[in-house]
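Assemble chains B and C with the ligands onto chain A, guided by the hints.
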Amino acid sequence: MVIYKFLDDVDRCIDCGGCFVACKERNQVPVGTSRISVQRINEGKPGERYVAMSCMHCTHAPCEQACPVKAIWKREDGIVLMDKDKCIGCGYCGWACPFGAPKYPHDVPNYQVIMDKGTFCVIPFDQQKDAAGNIIQAAPDPRCVSFCATKARLGGETNEVTEIYRQRAAGKLMSRQVGV
Amino acid sequence: MATKGNLIGSDIRMSRRTFTKLSAVGTAAALSGISGVSAYPSKLGDLIEPASAAPSPGVSFVRSICANCSVGCGFYGKVENGVFTGMEPWMTHPINAGGMCSKGAATRETTVSERRLKSPMKKVGGKWVKISWDEALDTIATKMAEARSTSGPDSVMFLGSAKMDNEECYIYRKLAAFWGTNNVDHQARICHSTTVQGLANTWGFGAETNNVNDMRHSKCLFFIGSNAAEAHPVAMQHFLIAQDRGAKWIVADPRYTKTASKADIFARFRPGTDIALLLGIINVIVNNDWHDKEFIKNRTIGFEDLWEVAKDYTPEVAEDITWVPADTIRNIARTLYENKPSSVYWAMGQTQHTVGSNNIHLDAILQLVLGHAARSGGGCQALRGHDNVQGSTDMCLLAHLLPSYYGLSEKGRKHWCDVWGISYEEMQSRFESDEFMHKKGFTVARWYEGVIMPESQIDQPHNIKVCLVWGEALNSVTMMKRQNEALDKLDLLVIVNPRSSPAAALPTRSDGIILLPACTSFEKEGSVTTTGRQVQWRHKIIDPLWESRSDFVIYQQLAAKLEEKTGLAFKKYFTYSRMEDVWPELRAGMLVIGMRQDPERLKRQQEHDTSFDRDTLWSDALQEYWGLPWPCWNDKHCGTPILYDASKSVHKGGHDFRVKWGNTVPENKWGKHVGESMLREDYPVPQYGYGYDTAEIERALADNEPPTARGKARIWIWTFVDPIPIHREPIESPRPDLVDKYPTYDDVPFQYRVPAPYISNQRARRDIVNEYPTVLTTGRQVEHMGGGAQTRGTKWLAELQPDMYVEINPKLASRIGVSTHKIGITDEYVWVETLRGKCKVKAYVTEAVNEQTAFMPWHWAGWFEGKSYEDRYPPGTAEYVLGDSCNIICVDGYDIHTQMQETKVCQCKIYKA
Amino acid sequence: MSGNTSYIIFTVLSQMAVGALIAMLIADFLAKSKEDAKFFETGAWVCVPVVVVGLIAMLSHEARPFLAMLTMNNHLATSWLSREVLALTLFVILAVVYTALWVCESEYGSLRGIISKLPVISALIPALVKIFMPLRKIIGVLAAVLGFVVYLYASATSYMMYTMPAWNQPTTLPFFIVTTLLAGVTAVAAVLSVKYLMNKEAGKSFTTFLWATTGIGVAMVVLLAAAVYANITMLPIASTEMAKMAQLATLEDMLHGEHATFLWLRVVIGIGLVLVCLVGLALALIKKSISTAAILAIAVFVFAFIGELLGRTVFFGSIVPLSEVMPHFLSIV
Ligand code: SF4
Ligand code: SF4
Ligand code: SF4
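Chains as they are written, first to last, in this note's numbering: chain A, 24 to 203; chain B, 7 to 919; chain C, 8 to 340.
Treat the hints loosely; a few may be bogus.
Unchecked claim - Taking CB as the label site, the calculated pair distances span:
no., chain 1, residue 1, chain 2, residue 2, range
1, B, Asn669, A, Ile64, 57 to 63 angstroms
2, A, His129, C, Thr96, 25 to 31 angstroms
3, B, Ser820, A, Pro147, 44 to 50 angstroms
4, A, Pro147, C, Thr12, 30 to 36 angstroms
5, A, Asp108, B, Asp833, 35 to 41 angstroms
As the list claims (entries may be wrong) - Here are the simulated lysine-lysine pairs, DSSO-like style, with alpha carbons at most 30 angstroms apart:
no., chain 1, residue 1, chain 2, residue 2
6, B, Lys487, B, Lys133
7, A, Lys68, B, Lys346
8, B, Lys84, A, Lys107
9, C, Lys251, B, Lys828
10, B, Lys848, B, Lys873
11, B, Lys846, A, Lys68
12, B, Lys571, B, Lys128
13, A, Lys68, B, Lys918
Treat the hints as calculated values from the structure; they're not laboratory data.
By construction, the Cβ of each residue, glycine as well, lies at the ideal position given by its N, Cα and C atoms.
For reference, chain A alone in the conformation it holds in the complex (with noise of 0.2 angstroms):
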């Protein structure tokens, strides 16, 4: 079974703003919420990090948990998505989330107020349905990833992200140890 995941190498990340963008182009997410945001911690010190912040889908989403209408719900391959036409905008996930990915946006015809969060780039901002009343749904191909700079944003399959992460912890440290 394959599953899904985002991972930050915050050593990496130079808060670039490829990824916020590569979003925005990709989903069409209007100007006044996005679904990706790089915060930055420690600013102006040593210590000063980078972190992009979208939705991480989780295993046990606390935000599907959360949803009263049930507007929420995880893929078998861990994505987690929703239908903005369920959705009431209570505002619930977003406080379950620990991300703060999801955002309701104001001043949006349509999805006044209705929740939005990051998909993996399986369902654009403006979703769209079937014949059938399905919400139509792209190859889990997060432009975040692909597109950002440093490749600090890592994102595909579980295994897969953690490898890579695990390698460059692993040469850093060797390096550092070793004192090359």
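Chains B and C with the ligands only, in chain A's frame:
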């Protein structure tokens, strides 16, 4: 790492179960040649070969290259029935592996933006009216001809752009030559002219010696005056890989930048004191006997002269000048020495100074002394700005050079006359006189003086009457008040740009401005050169939108009009049907730098992108390097990825220091080294590069020798005012005592046709610190590019970075009454005032700058001294976000050799608005 | 209505409604005579209107109120919000029936006059009331249990999320209980006091009722004081480092941020003044000065209500969610 897993912890729970690998991921990884640290996982199945995989009719994927910075990132443009509908990552592009920063990722939005200039326009009676292309070109040609007949050819100023493709830059430079003027220049003047000056005079060529991928091999990265994380984001991919592999990072900068956040050692130094810092480092290196004596002896001249200067710059002396603690200086020196090879990185932070050329010269000296020059993982990385600024520099859209760095001398002129098929005499007749044919023209840095200074005070008979602002952002040039005066005084102002650009809105005049809508880089094809000298082919994604036309087309149409109006022959020299038609001329003429690639080879490389190794950029399949970095000596040569690398055979990209100043040291005013040999081998120096002759190149290659010979690098440059760099205080300095001790240059009567005061300005402002206590420095925001007309007019980028601001330290903030409740941007406005004027900007409170320093980004326009001039833009073309321009207030200092503007240091005072 | 305001109004009013119902149940048991019942009947008008206003406040905040009404209890399997909504719905139904059995009663119900004038209903309602009247106390007890046990628990639990460390504490339920019993019960007491002051006549049980109110009030003020103290000292330490950080940030905002004033006002009004009035109430009752007692009962309610609104404002306003401190933790490698 375990900690990280746990922290995401109870919620994400990185599963430890084994999953079957998604086969597509495996294939993608294998196909794209990714392994280890550079790998990324993603389901890429159909992205690997989008063109062939595109199933739906009417959909195609076009390879293209980002048109923002010089890293040269590739991407696929998705075209559906002729409409640019999306972007896909080019995962197998050897430089960026799909990665793009915010500017690059917004390319589609930028290209199709509603805020573009849609048709030619003219300002009549204070109103903008639409006109036809024919009327526009006719008016321009008529006015130019008029100016020519009344005031001579030098009354027209040609400002060009690094945003144009190589072919177009070349045509533009050629057009200026055929018009008969040297008043042609573009933003490379205010970007890296000092790099070219400093490096070329040290070891032969003025470009980055390696490329960003090669920096993976570096063991120590020394950033001084470069904030790569904001200016060259994707290059950071490679720099960070080097770090993952154990490289040390040193960042010396007045600010704690995003780049500094990755550093092992951060040295905060006072703007404008790079030389003292570097000399301090060299002092420690030599004192500890850490210099590479072998290398110095075999491959350089002038080391003893260096020591004469450097011995006085002990770390303690340097500390007093630079703010950097002596121990940090020692630490930097040790780290550079212990981690071989180290490489040096700089951008505008070092170039834009009155001592810019010297800064760069000293960077090169540092590498020579350490013996880290001329090798993989070492060298000097001058990180260029615009996507094709290396190319436009090579094409020498410059007031003092002809394409491929040929001088304005008779020899250089004749070479190009040969290539262009025009007689030297006819060329001569087009100029004001023989004198003006060889005299350096006005530069972009001070062109406006040619308009407003009395004719008696400038070094040409008449004022400039017509100015073509062809893709140049005037808010990137300092002294905007004087510039505005010039814009208002011109007979005709022509602006050619995909956007109306602030240049159209700055002048208050009600007539005499013509705007031509150029198309963007994605509506035409052509070649662009990255910062690493790699040439990449940019395919056309869509046809020009609205009424826009490509510069390539506009030049030819303008040339035809000029022939009509002036009677001079233009048409036969300016007729090309495709971009490729320009290349035979380039290949024949650009011998000095060996720019002899061929579009077909460039396109073929892109078909075989997966065969290039990401570390070396070598393709086994093609037996050549990515982008055929110049010098690429002939049709078979693989390109030279690392300049001066003598460890490789010339056929495999080997090289050596180029001698361009003769075989021996000539007589000089310092009376030193006269007669000393500049060659380290007896191989006769080929006299290549002139008169259309490639035989010498072939002979050298046959002998496996670089056609540039095997010369020695000059630590001591006898043609410079300071043969060895010495510290000189900036024009405006916070240290009057140091101004007395380290004064700037003597005044220069004429520099690029204008008088250039140095010491007189500095003396007059000796005690400026009393009234203007804060050092002001400027720089970039990652979301914006250059003058910002494109990026501020792109909605995603405007949303991401909507503010012009001044960064101030919390202590300064609380002193002037700005709330320090939160770190970051505030809603409070402050005035930043200098002797030139003032800007009203938001306060950004951060410890990134210290109490004595303030920082402003320079991409902003649309406000002038606190007042918006949005109403002067042609309707619907103003950028989404506007702000005051810091170049209104930057200082009037210029590099002694190249007239590079000094934007990085002046004194200001800041107070609440 | 902004997010926080609607949450504040909704939670406070719905909890008060539960308390009001409990108060009426107490009255139900205390009423010894028809006169008593007639006097107490007015108090039955508190519960349902209050909860309806609360529901309107909440629904007004939803993007799609009607869809919300229909679907909010769709996810009982895991969503505490769904459970909360279901419990509240059932409570409201029972509360409406219970209230109806008070106000439609044939001898003292205030609607009896109107009902007798309407056709059909005049026959139907009294018949129904007659059948169900013996069950009134049982229905009341059911509603009280549903409201006080199930609804309050579900409601508190729905806020006690791991991601909201400042809510994820044992004090959340006590806060809700206090709103219910202090503000809710005194609301009824206040209404009855007004009635008493207007007519100067009351059943005998009114004094007993006020005594009951005083007892409950004092217990609740003590509980509230303990909860507030526990809350601002964060005695129950969060389960993870991350949560602790968010909790500390919340505390910082509570004590020094824009909500600091609210917090201290709440302590002064919601605890201090309420306690003073409660003591006065008890003294008045001992002195058998019912009028004074009635005035003080009204004061207790007013201060308690203001205190609860202030407290809830702090509760919702100064929360720092885990997501805000998450970047710090993701960045420690
Ligand atoms: S929205 Fe939040 S809680 Fe839901 S899956 Fe995404 S990160 Fe997890
Ligand atoms: S694209 Fe990558 S490096 Fe850039 S901000 Fe996003 S995560 Fe960070
Ligand atoms: S601006 Fe530079 S770093 Fe960013 S995508 Fe374009 S070429 Fe790459």
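Okay, the hints, checked on the actual structure:
no.: 1; hint: B:Asn669 with A:Ile64: 57 to 63 angstroms; result: holds, 58 angstroms
no.: 2; hint: A:His129 with C:Thr96: 25 to 31 angstroms; result: holds, 29 angstroms
no.: 3; hint: B:Ser820 with A:Pro147: 44 to 50 angstroms; result: holds, 46 angstroms
no.: 4; hint: A:Pro147 with C:Thr12: 30 to 36 angstroms; result: holds, 33 angstroms
no.: 5; hint: A:Asp108 with B:Asp833: 35 to 41 angstroms; result: holds, 38 angstroms
no.: 6; hint: B:Lys487 with B:Lys133; result: holds, 23 angstroms
no.: 7; hint: A:Lys68 with B:Lys346; result: holds, 28 angstroms
no.: 8; hint: B:Lys84 with A:Lys107; result: holds, 28 angstroms
no.: 9; hint: C:Lys251 with B:Lys828; result: holds, 22 angstroms
no.: 10; hint: B:Lys848 with B:Lys873; result: holds, 14 angstroms
no.: 11; hint: B:Lys846 with A:Lys68; result: holds, 26 angstroms
no.: 12; hint: B:Lys571 with B:Lys128; result: holds, 20 angstroms
no.: 13; hint: A:Lys68 with B:Lys918; result: holds, 25 angstroms
When each numbered hint is compared with the structure, no violation occurs for any of them.
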